[in-house]
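Residue-level listing of the chains:
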Amino acid sequence: MKPSRFIYHAPTQIEEVLDLLWEYGDEAKILAGGQSLMPMLNFRLLAPAHLIDINRVKALNQYSLSDSGLTISALARHRDLELSPEVELAYPILHEGLTNIAHVQIRNRGTICGSLAHADSAAELPSIMMALDGQMNVRSKSSRRIVPAGEFFRFHLTSDLDSTELLESVFIPSMKRNSVGAFDEVTRRKGDFALVGAAVVGTWSERGTIEDCRIVCSGVAPTPLRLLEAEELVSGTDLSEEVLVAVQQLVMESLEPTEDVHTSAQYRKKVTGVVVRRGLARLAEQRSVVNV
Amino acid sequence: MTQLSEVRDLEKTANLGTGMLRREDQRLLTGGGQFLDDLPFGDFYEAAILRSNYAHARILSIDTEAAKSLNGVIAVFTASELGPILKDLPPKVTNPKLNYQVRLPIVKEYARYIGEPVAVVVAENRYIAEDALELIEVEYEPLESVGSTAQALKEGAPPVHIGSETNVAVHLIQQAGDPEAALKSSPHVLRETLHVARGGGHSIEARAVAARFDGPTQQLIVWDNTQAPHYVRQMLATIYGVSEDEIRLIAPADIGGGFGPKAQFYGEEVLIPWIAMELNHPVKWIEDRWENFISATMERTQTHHVEVGFDDDGRLLVLKDVFEHDQGAYCVGLKVPTITMSTLPGPYVIPNIHSELISCYTNIVPTSSLRGAGRPQAVVAMERMMDRIAEHLGLEPAEVRRRNLIQPDQFPYAVGLTFRDGSPLTYDSGNYPALLDGVLERIDLAEFRAEQIEARKSGKFLGLGLAMFVEGTGIGPYEGARVRLTNTGRVMVSLAASPQGQGYETVYAQVAADAIGCDIDLVSVRHGDTSFIPYGQGTFASRITSTAGPAVWQASTQVKVDIIDVAASMLKIDSGELVIRGDRVEVGDDPEKGVSLAEIASIANVGRHGMSVARNQPVAIERTSYFKPSQAAYSSGISAIIVSVDVETGKIEILRSILGHDCGTVLNPLLVEGQVLGGHAHGIGNAIYEEAKYSKDGQPLTVSYLDYALPTAMEVPTPELFHVVSPSPLNPLGVKGSGEGGTVPLPASVANAVEDALRPFGARIREIPLTPDRVLAAIYGFQRDET
Ligand SMILES: Cc1cc2nc3c(=O)[nH]c(=O)nc-3n(C[C@H](O)[C@H](O)[C@H](O)COP(=O)(O)OP(=O)(O)OC[C@H]3O[C@@H](n4cnc5c(N)ncnc54)[C@H](O)[C@@H]3O)c2cc1C
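Those protein sequences? They're chains A and B, same order as listed. Residue 64 in the working numbering sits at position 64 of the first sequence, with consecutive numbering throughout. Add 292 to a position in the second sequence, counting from 1, and you land on the number used in the working numbering.
Do not rely on the hints blindly, as some may be mistaken.
Selected chain A positions facing chain B (in silico; Cβ < 7 Å) [said to hold, decoys possible]: (1) 1; (2) 2; (3) 6; (4) 64; (5) 186; (6) 188; (7) 189; (8) 190; (9) 252; (10) 263; (11) 266; (12) 271; (13) 274.
Keep in mind the hints are simulated off the structure, nothing from the lab. Note that the Cβ used here is the ideal one computed from N, Cα and C, for glycine as well.
With the rest of the complex left out, here is chain B:
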């Protein structure tokens, strides 16, 4: 086994640490991107899906005759034609205590949310397919339904799953210390109930699946714009009862956004390839925006009942949080609420913690992770209370935070809870005081407070809000990379994970080039095709840089050793004297003497037919490495927001947004900045604009961008971004995730800023997003009809 190096000093690397432009940009910015629906498929049938328009109903009969006889319709499928694949789609993360309910690819008897697939029409084109949907007659027996966690948990609520006694999906408690005793003995205790609304991922490209059975190779080829190609292949192999080699899953090189919903597994992904095999003809299904609104998974709905106990100096003694989480109609996974449970304590020393989850089923499209994944809600619960403590004691919120922060010398820091990856919640690295200081260097608190008081005299209400967070990233089990020297003397890096705009083709070329020491232009990166590398997990949970990154590093380091050993054998010189420069391996002090990478490939990979090879000379320069982190790596950050609130209209103007971010070593500052800024835009949406609304019985009320206020560039201020770098000791690159940190603190910091602005009114912000309506309700105390 070769001794592996570590990257600790980016000053010494040729490519890592520089903000290289994305290789992907040229094609993306000139309209050359190849998204799933752009692929030159040719003769594919198109599918459209009939979706339940009842939040809860029993299907008595489905008549597809009229639809089938429409000109141009190829076939119509319902559960009765799809017996072999009516198999459970299991949750991605589960728990033995889960009140388990089967989720099928298509409704068999009970439809449990509006948007659940009921029938599939395959036609010559999508227009005809949609015409046919209107001809399908479904006889529904409507059943009582619930459209919120509050409804679902009410005494005598109608069951989402008939036969289940309760709508509770899972009830979990985690504790550290003795929270009950601490609450009794705390000099001060504050309580609040805080609600965060539902929202969606809103990738610019919605979901899409296409499939074709390839007769000559007897292989099913599936194109799917998923975040997790190997996971989907595994699920399909299990459900279809075939070996993984019989399915090739391709996530196209360009995918228009993921954000979590595309990391889940859906009925459509089972239905479309199966139907393509049944019809023995290629089929594609492109989800449209309306379908995306009602059938792609969402996130965020949680109601927190939070209590904090603290001493006269504002030092935290205990945190108790009991929260309700909306699982939707089925449990797609328990990752989100379990992440919430362990994100609560954040960067603070809290000796006693009680974190309790009551997750329930509702008659709404299921929830799953969405950029931030349970963390924004946890940060709302914790950080809103930090501000309340400051208010209660008459202290600056920044000061209360400072007094409670875990110090840089306390790492690894054991919080006392368990993270979603099953490991004890132990922070590996961080420098939380530096994050707070970074903000205070940029905002002069005394000056701001003076300005705030002055502004009020002219009817202007300014507010400052902070929020800090710690974010578990880079989780296991593993991620893989295969690195190869090609016949042309180039380096081909194949990744299992597929990107959705993150710039893998750029950053992993930087990693491989620096590990090998070759010219970066010689390195190509490809991804997303299960035929490139046998195993992988996927892009989600801000995990790829700290899992695939080290895998690329390791495999490339091994390839470097192989290259040098072959060259040594060819040049008959000790490998210690050789260096890789550009596209050659050369003798360190005699550069004239050397061989090209192409020549090395020719000797090692092509070889001479039938001839034996010297004992020490490697053959077939190709290394596959799977990196398995021992536990999550913990990123952290801070958001500071200054707002001006129009107290007559409830409109919020963001005057400044500052983001401090620590994702360990920054491999490509430009890409990291892009991730954080994108996350920040999502966070602004969650804080002020986005809300998926439902009636009390589960009718979706916001199914277009007319009604769902996704922020545009006009609504998102450009944040002032700074980095604190505390490298993770858990991987050779020292990296931690950066994909979600921009989102996580925003709902809390904006709410804190608005409440700060409205302090003269004693307004209480309890619900997010902060729509004009909610802001005025908080100021004037009028009642709103919340479900």
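Only chain A is shown next, with the shape it has when bound in the complex:
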């Protein structure tokens, strides 16, 4: 469990990072928190010839909250955001998701952007970003582009980034008035990746109905999975007990989840509906809090 030989680069400027990526492309990997990359190097599942350590790039080590939303740069750690009371207030679901990631030691090092770039389909953040309609600010030496979270995750451990691109930051638009969210998951151990997880977001209308509902699941498919039919079923309702039972039933009947060493497809089929229902039930509970 020793990595193969690589050349180590420790740039301090974003431009340097982009130059290195431009020069080495396929041969290079970015090292952020290292919490996913180091194990892969040690198992020799990856053997990049060049490692570009971005930990000294000060400009990437920040996040900022404004009226329009939250921008999280490449080096902001899970723990930075988790411990921010402003972030917790503005995006309770993000805070909740973060506390479900691994353990404190890992959250101290691991980065939000690293987790998104890593694109593990059982991770919490990709689903939450999709539920919150996050946007990836992707940059290379030659171009900049914005990729909506919904188009960013291509396959298990594969994102839309090409080998010359850096995920410079992610932007999460501010949540609308009366918007609520919840994250629910089942894991084997505390801090594990999700066997099944669901990020649900919606907005309570004046009429007392939930609108613009988003339901995105972790751990059930090669990418975070948005459940459009279920969203349609619940949007415009009051999330009554009957609606919750119906959506659970729908998810259970329609989902064709993946099977892996962690659990069976049967299990995921059964329990995804449960976590979706539990997430939605928490939106229902929050209805009184948002005064509608």
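Could you slot chain B with the ligand onto chain A? The hints should help.
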């Protein structure tokens, strides 16, 4: 021969019975531990091992040229360069009926599991060594393979050992009474098939071996983080064809966990020292976590087909259990399944018993003992059926147990079977009703049942599970200790056995200080080096306190007599008037008059050059004692678990865990508690989390902690622990083993608790660990693809 005393009353001892903090803690907690890879070796080459990536294959050719020519590579060895040591690694415990198959240190022709050593690269460092592994070209001819006992025992299954007609390794039957007749005549008979999965030991420090040939003394020095230094030395001496004095084996003072896998003997232990001699240069090999997952021995896979016959009151009439055991690719030893065979009857009076083992080879890394060693599975078979009897008759499970327990006045109790040590299975001591009562004092059954019914109304499913066990510990043949008075007037205790966190430096200082009567700060304990004491067996099978403990006691008692006799001669006073106090021997009623231990050492050990010594005055105060128990000493215990099961997700929450434990005299309550709590954590892992999974053809699927759910501190509840003390009559300290009891009952008690919680669904728990997937499958009856 001096008359030896016994410790029966801990109230009267200065040190024994008190929960002294471990002497080891300071260095361990401040990062000062010296584990094998921390030893300041200096100029050692590092080895890495190429392992078979086929579960079964014939090796047609190995090309090591490219690897050898890599910069920094010193040498590459395969079977063809290692002819002299291609010798069998024999099983630790065997049986004449064993379908014996040779296990070599490195693959010669057939690789039989993924992880089996194929080649060794020695390089300037481990990075280069691993680079070189990738350059070795092995041409494999893949062969059919089997990845489970069920596959191995199927009609027409591919043979694990080509040429052997069957994959059965051994088929043994033990009986008491007339089980067949009893099954026919029993008013009630229940049957079930129960499966327990594979799991590993997962020491925080994996295996490690380093070796250097010392030219000036012509001695091979081997550092090995083994649980059994003398055993390894013996094996090496046999394989290398040298005398035991030509090898010095050192188990470092700090070893990060043993749990059984490090008590076995492995190919790497033969290869590394030999290669160091071949290269005439020190070499070390540090097993990494991935290697540990695929090449360190594991345990647990068993499938039990169990039947119980009982009367209308729930009294056991007969137990019949036929079980399949996974030996892995080779037989490292038969201890585990034979322990299972004799652990089955537990604390109950069972007039008729049939215990049958079908052990088989599979294309998986071999199994051997692992904390609990065959007992957790036996307890699953017995204790799950006790609950089924209660369910069948509409009785409380605790009541069914109570009616069947062996009573305190029935000891020694002959079960009618034979234990793994070859002696008749005769329990020496115990108080099983007190264990059950201890639990019932802590859980009000009527109250719990009311709460259980109430909780169901709000969709909460609570369950209570019990499991009791009797555990053979402290087995022979012997263990040794050497106790010496040093020139500085201190007492040096040298043990043959090496610890892996148990606190020997503390507890054996307590034993020696109390036997001698000196200040405990004068006693030092060292261990793990074959140069300290010529013979020993090792730390395993919860045996050291009841074998090395009495050895330390005996040797120290003899040293005390010597010390007093020397003092008597020096003071010209009758030895009966002398007492040892602090660091002096003094006249009982005139403490001014006395000599120090240092002065005694100077007279007795250093002596006066060329001068004769008085006839009654001992010289060279140094005593070595080997204690051989007449048979195993039987510890016992009970686990009670209360769970809440989420019937929508299959997640289990443990609300309470109570452990009652009887290991006889408790020499150091803190250390015993540590052992039991550690064992309990292992048991929780086995019950709910840990499972080494393999594909049908033997590919390991869980080779990192991402996939293998070892519990963390977050998953392990703190148990409420109580002791019942029934001292063993078999040794002067009255002690029995405590290293495994915390593990043994947990898989059964948790499974019983979960089945109890799910009784409204009629769910049947048949497989352990209780993953969320299995729990839901039990509730909703969906099929899982089990191999
Ligand atoms: C024991 C353990 C448990 C864990 N449990 C969880 C869990 O429950 N849930 C969960 O979501 N995660 C979990 N993780 C993963 C953890 O969250 C990681 O921190 C995260 O997935 C990756 O972030 P990182 O900064 O460490 O990235 P790194 O490991 O440094 O990089 C990961 C990958 O992303 C690439 N990369 C990183 N940053 C960028 C960037 N800015 N632009 C382009 N590419 C980039 C790297 O090249 C690499 O391929 C766990 C990790 C461990 C060790």
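**Asked** For the hint on residue 188 (chain A), does the least C-beta distance to chain B fall short of 7 Å?
**Response** Nearest chain B Cβ about 5 Å off; hint holds.
**Prompt:** Per the CB criterion, is residue 252 (chain A) less than 7 Å away from chain B?
**Reply:** 11 Å, violated
**Asked** Close enough to count: is the Cβ of residue 263 (chain A) nearer than 7 Å to one in chain B?
**Response** 5 Å, holds
**Item:** residue 271 (chain A) as chain B interface residue, shortest Cβ-Cβ below 7 Å
**Value:** 5 Å, holds
**Message:** A closest beta-carbon separation below 7 Å is what the hint needs, so does residue 190 (chain A) meet it against chain B?
**Reply:** It holds, given that the least Cβ distance between residue 190 (chain A) and chain B is near 4 Å, below 7 Å.
**Prompt:** Holds or violated: is the Cβ of residue 189 (chain A) closer than 7 Å to a Cβ in chain B?
**Reply:** It holds, given that the least Cβ distance between residue 189 (chain A) and chain B is near 6 Å, below 7 Å.
**Request:** Closer than 7 Å between Cβ atoms is the bar; does residue 186 (chain A) clear it against chain B? Give me holds or violated.
**Result:** Because about 5 Å separates residue 186 (chain A) from the closest Cβ in chain B, which is inside the 7 Å limit, the hint holds.
**Prompt:** Can we keep the residue 2 (chain A) interface hint, with Cβ of chain B closer than 7 Å?
**Reply:** At 5 Å from the nearest chain B Cβ, residue 2 (chain A) passes the 7 Å test, so the hint holds.
**Minimum beta-carbon distance criterion (7 Å), residue 6 (chain A) to chain B** = Interface hint status for residue 6 (chain A): violated (11 Å vs cutoff 7 Å).
**Item:** Interface hint status, residue 266 (chain A) versus chain B (Cβ within 7 Å)
**Value:** Interface hint status for residue 266 (chain A): holds (5 Å vs cutoff 7 Å).
**Request:** Against chain B, run the beta carbon of residue 274 (chain A) and see if the smallest gap drops under 7 Å.
**Result:** Residue 274 (chain A) check passes; min Cβ-Cβ to chain B is 4 Å, inside 7 Å.
**Item:** When the least beta-carbon distance from residue 1 (chain A) to chain B is tested against 7 Å, hint result
**Value:** 4 Å, holds
The structure fails hints 3, 4, 9 (numbered hints given earlier, in ascending order).
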